[in-house]
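Visitor: The opening residue of the sequence shown carries number -5 in the working numbering; numbering runs sequentially from there.
What the hints contain is simulated information worked out from the structure, not anything from laboratory work. Treat the hints with caution; some may be incorrect.
[Claimed, not checked] Below are the EDC-like pairs computed for lysine to aspartate or glutamate, each with C-alpha atoms no more than 20 angstroms apart in a straight line:
#1 119 with 155
#2 68 with 120
#3 119 with 192
#4 166 with 107
#5 203 with 249
#6 70 with 135
#7 92 with 75
#8 70 with 58
#9 227 with 89
#10 119 with 100
#11 79 with 58
#12 68 with 83
#13 56 with 75
#14 166 with 135
#15 227 with 184
#16 70 with 163
#17 203 with 100
#18 52 with 89
#19 119 with 135
#20 70 with 184
#21 203 with 162
#22 227 with 249
#23 166 with 182
#24 52 with 202
#25 70 with 107
#26 92 with 126
#27 52 with 120
#28 119 with 58
#29 70 with 162
#30 52 with 258
#31 119 with 107
#32 79 with 89
#33 52 with 100
#34 166 with 156
#35 227 with 94
#36 119 with 156
#37 227 with 209
#38 119 with 83
#39 119 with 184
#40 68 with 100
Remember, predicted model here, so these are calculated numbers, not experimental data.
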Amino acid sequence: MGSWRIGAVYFPWRDVDDVHNYLEYQEMITLYTASPLWGLPSFSPACMKLETWLRMAKLTYKTDTSLNLAIAPKGKIPFIDYQGKLIGDSTIIIEMFKSEAGIDLDAGLTTVERAISLAFRRMIKENIYWGEVYIRYQIPENWQVYREVLLNTLSAAAPAEECEPIVEEVYKIACNQLFNHGIGRHNDQEIYQITTADFQALSDFIADKPFFMGDQPTTLDATAYAYIGNLIKPPLGHPIVDYVLQLENLCQHYERMNNQFFSDLGK
């Protein structure tokens, strides 16, 4: 099955006849997300994870990158507008589609495999994520690059004179969150040790399989793809990035997912 895009609307169908009249499609999802950047679908790992899952689930959606956080249910992205309801948090959104629409990308997994998948997804979101935040915010040369990204992103939604103080506040919040989480209390070598161990565990588990749980992609693949991509693709240097670039099976997994679900990116 192919896919195509009209503007900001993604269709998991080969042509419009498959859905009669897409302009009248009543359950269109609006995904509020961060913009594509660095060849990635989104420079936000959580946003990229959710958009990947929507494509894997063959759901039609349109994107909104205006960063209208005033309407965000959790005060952050990603969130969606679905059937007139605003729903926040990528994990909650996926669980909603599972319970209300019966869409379960993990239906073929055993209870043990589901437990393993959940544990790895928690590791990625609750530990690897903070290693990536550290690389973006607390390595001075990387922060200068990422700061410009945030300024350019905000300039589309706010006057230029308002962007600088917003970005500085974002920086302070991120640094405080790193410290409160705990990883920000470690030195660079300790953060390297913690984060590379997590990526090594992912590499050891996937081994030579095409996807983490076997021959078919599941929710874990959407999560891993987003966080691996947001580490290895941005022009941000760190020994953690160098380490992961040497884990060939993780890099190959990223390319495999990219080719399968985002072949239209940039078209």
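Visitor: All hints are to be evaluated individually against the structure, with a verdict given for each.
Guide: Results of checking the hints against the structure:
Only pairs whose Cα atoms come within 20 angstroms are accepted, and residue 119 paired with residue 155 is rejected, the gap being roughly 34 angstroms. For the given pair, residue 68 sits about 17 angstroms from residue 120 by alpha-carbon distance, which is consistent with the 20 angstroms threshold. Proposed proximity of residue 119 and residue 192 is supported: the alpha carbons are some 11 angstroms apart, at most 20 angstroms. Straight-line distance between C-alpha atoms of residue 166 and residue 107 comes to about 39 angstroms, which puts the hinted pair past the 20 angstroms bound.
Proximity of residue 203 to residue 249 is assessed by CA-CA distance (about 14 angstroms); at most 20 angstroms being required, the pair is judged to hold. Under the criterion of a C-alpha separation no larger than 20 angstroms, the hint pairing residue 70 with residue 135 is inconsistent with the structure, at around 26 angstroms. Among the hinted pairs, residue 92 with residue 75 is consistent with the structure: their alpha-carbon atoms are about 16 angstroms apart, no more than 20 angstroms. As the CA atoms of residue 70 and residue 58 are separated by approximately 13 angstroms, the hinted pair is consistent with the 20 angstroms bound.
Restraint check for residue 227 and residue 89: the C-alpha separation of about 29 angstroms exceeds 20 angstroms, so the hint is violated. With a CA separation close to 18 angstroms, the supplied pair residue 119 and residue 100 stays within the 20 angstroms bound. Proximity of residue 79 to residue 58 is assessed by CA-CA distance (about 15 angstroms); at most 20 angstroms being required, the pair is judged to hold. About 7 angstroms separates the Cα atoms of residue 68 and residue 83, which keeps this hinted pair within 20 angstroms; it holds.
For the hint pairing residue 56 with residue 75, the CA-to-CA distance comes to about 10 angstroms; that is within 20 angstroms, so the pair holds. The suggested pairing of residue 166 with residue 135 holds, with an alpha-carbon distance near 17 angstroms, which does not exceed 20 angstroms. Restraint check for residue 227 and residue 184: the C-alpha separation of about 23 angstroms exceeds 20 angstroms, so the hint is violated. The suggested pairing of residue 70 with residue 163 holds, with an alpha-carbon distance near 15 angstroms, which does not exceed 20 angstroms.
Restraint check for residue 203 and residue 100: satisfied, since their Cα atoms lie roughly 17 angstroms apart, inside the 20 angstroms limit. Restraint check for residue 52 and residue 89: satisfied, since their Cα atoms lie roughly 16 angstroms apart, inside the 20 angstroms limit. For the hint pairing residue 119 with residue 135, the CA-to-CA distance comes to about 25 angstroms; that exceeds 20 angstroms, so the pair is violated. For the hint linking residue 70 to residue 184, the alpha-carbon distance of about 29 angstroms lies beyond 20 angstroms, and the restraint is violated.
For the hint linking residue 203 to residue 162, the alpha-carbon distance of about 43 angstroms lies beyond 20 angstroms, and the restraint is violated. With a C-alpha separation of about 11 angstroms, the suggested pair residue 227 and residue 249 falls inside the 20 angstroms cut-off, and the hint holds. Between residue 166 and residue 182 the CA atoms are separated by roughly 19 angstroms; this keeps the pair inside 20 angstroms, and the hint holds. The straight-line distance between the Cα atoms of residue 52 and residue 202 is roughly 27 angstroms, outside the 20 angstroms bound, and the hint therefore fails.
Between residue 70 and residue 107, the direct Cα distance comes to roughly 31 angstroms. Violation of the 20 angstroms bound is thereby established for this hinted pair. A distance of roughly 29 angstroms separates the Cα atoms of residue 92 and residue 126; the hinted pair therefore is violated under the 20 angstroms criterion. Restraint check for residue 52 and residue 120: not satisfied, since their Cα atoms lie roughly 27 angstroms apart, outside the 20 angstroms limit. Restraint check for residue 119 and residue 58: the C-alpha separation of about 23 angstroms exceeds 20 angstroms, so the hint is violated.
At roughly 17 angstroms between alpha-carbon atoms, residue 70 and residue 162 fall within 20 angstroms of each other, so this suggested pair holds. Taken as a hint, the residue 52 and residue 258 pair is honoured in the structure, with Cα atoms around 15 angstroms apart against an allowance of 20 angstroms. At most 20 angstroms may separate the alpha-carbon atoms for a hinted pair to count; residue 119 and residue 107 meet this at roughly 18 angstroms. Between residue 79 and residue 89 the CA atoms are separated by roughly 15 angstroms; this keeps the pair inside 20 angstroms, and the hint holds.
Restraint check for residue 52 and residue 100: the C-alpha separation of about 14 angstroms stays at or below 20 angstroms, so the hint holds. A distance of roughly 16 angstroms separates the Cα atoms of residue 166 and residue 156; the hinted pair therefore holds under the 20 angstroms criterion. Our distance criterion of 20 angstroms between C-alpha atoms is broken by residue 227 and residue 94, whose separation comes to about 35 angstroms. Taking the CA atoms of residue 119 and residue 156, the gap is about 31 angstroms. The hint is violated against a cut of 20 angstroms.
Distance hint between residue 227 and residue 209 is unfulfilled; the C-alpha atoms sit about 25 angstroms from each other, more than 20 angstroms. Of the supplied pair hints, the one linking residue 119 and residue 83 holds, its CA atoms being roughly 12 angstroms apart against a limit of 20 angstroms. For the suggested pair residue 119 and residue 184, the alpha carbons sit about 19 angstroms apart, so the restraint of at most 20 angstroms is met. For the suggested pair residue 68 and residue 100, the alpha carbons sit about 26 angstroms apart, so the restraint of at most 20 angstroms is broken.
The structure does not agree with the numbered hints 1, 4, 6, 9, 15, 19, 20, 21, 24, 25, 26, 27, 28, 35, 36, 37 and 40 stated previously, though it agrees with the rest.
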